[in-house]
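A.B. asks: Single-letter residue listing:
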Amino acid sequence: MRYVIDVLIGLSVFFAFAGVMGMLRMPDSYCRMQSSTNISTFGVLGVILGGILYAALYLHNGEIAVKLAVLGVFYIITSPISGHAIAKAAYHHGVRPEKKMVCDKYGEDLEE
Amino acid sequence: MNEFIFFGICFIALALMLLFRLIVGPSVVDRAVTADSIDILTDMALILFALYSGRGIYLDIAMVTAVLGFIGSTMIARYLEGKL
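Chains A and B, in that order, give the protein sequences.
Everything in the first sequence is counted per the numbering used here, starting at 3 for the first residue and increasing by one.
Everything in the second sequence is counted per the numbering used here, starting at 1405 for the first residue and increasing by one.
To be clear, the hints were calculated from the coordinates, so they are not data collected in a lab.
Don't be surprised by glycine CBs; every beta carbon is placed ideally from N, CA and C.
Possibly wrong hints are sitting among the right ones.
Mimicking BS3-like on lysine-lysine, the simulated pairs with C-alpha atoms at most 30 Å apart in a straight line are [as the list claims (entries may be wrong)]: (1) K90(A) - K107(A); (2) K101(A) - K1487(B); (3) K1487(B) - K107(A); (4) K1487(B) - K90(A); (5) K90(A) - K102(A).
One-sided and incomplete, this derived list gives chain B residues near chain A with beta-carbon spacing under 7 Å [as the list claims (entries may be wrong)]: (6) E1407; (7) C1414; (8) F1474; (9) A1481.
For reference, chain A alone in the conformation it holds in the complex (with noise of 0.2 Å):
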């Protein structure tokens, strides 16, 4: 079982450090909050579910665990609420993708 903690855990520094890479070396505004959304959804979660294991099974602390839990279903619930705001936002504010940008539906609708 310590075996299943720790490769969830080693999954979740791999999303993480994909993240973190993708959102060094992106070209674009878009690309790199595409990446951040990668660490907050899977690099969370592997360390939530990792952390709840160990807890109930090696620590017996329910506190913990219960904690936990809650951490995890906040994250899950704010990370798409929070992304969607700042991309929004970051059109409104000014920013556009770098140059390949195919048709932009968005800004049509709020010329009309």
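With chain A's structure known, arrange chain B on it following the hints.
C.D. replies: This is chain B only, laid out in the frame that chain A set:
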């Protein structure tokens, strides 16, 4: 037991790497998104330290920083949109 400390050091190193994007980010949106990501990575390190030490008080701190990060990024979004 010691691998929690190792993974926590990995998360802190990733957060320190993100400071580059926080400093040279071309627009204010990049800085807001990067600050939110640094907040989340610090929360992960706090959760791992709570599991290492077996105390629940660090999870309270992680919960408070999660709520503050969400409220902060949403307020920055409303301000950039011009509705605040």
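A.B. asks: Could you check if A1481(B) really has its C-beta closer than 7 Å to a C-beta on chain A?
C.D. replies: At 4 Å from the nearest chain A Cβ, A1481(B) passes the 7 Å test, so the hint holds.
A.B. asks: Between the alpha carbons of K101(A) and K1487(B), is the straight-line distance 30 Å or under?
C.D. replies: holds, 29 Å
A.B. asks: With a cut-off of 30 Å on the C-alpha distance, tell me whether K90(A) and K107(A) pass.
C.D. replies: holds, 13 Å
A.B. asks: Decide if the proposed pair is consistent with the structure: K1487(B) and K90(A), CA atoms, cutoff 30 Å inclusive.
C.D. replies: holds, 12 Å
A.B. asks: Can the restraint linking K90(A) and K102(A) be considered satisfied, given a maximum Cα separation of 30 Å?
C.D. replies: Measuring from Cα to Cα gives roughly 19 Å; hence the hint holds.
A.B. asks: When the nearest CB of chain A is found for E1407(B), is that gap smaller than 7 Å?
C.D. replies: Holds, about 6 Å.
A.B. asks: Would the hint on F1474(B) be counted as holding, given a Cβ-Cβ threshold of 7 Å to chain A?
C.D. replies: Holds, because the Cβ-Cβ distance from F1474(B) to chain A comes to roughly 5 Å (cut-off 7 Å).
A.B. asks: Given a cut of 7 Å on the nearest C-beta pair, is the interface hint for C1414(B) held or broken against chain A?
C.D. replies: holds, 5 Å
A.B. asks: Verify the proposed pairing of K1487(B) with K107(A), using a straight-line Cα cut of 30 Å.
C.D. replies: holds, 22 Å
Hint violations for this structure: none, all hints satisfied.
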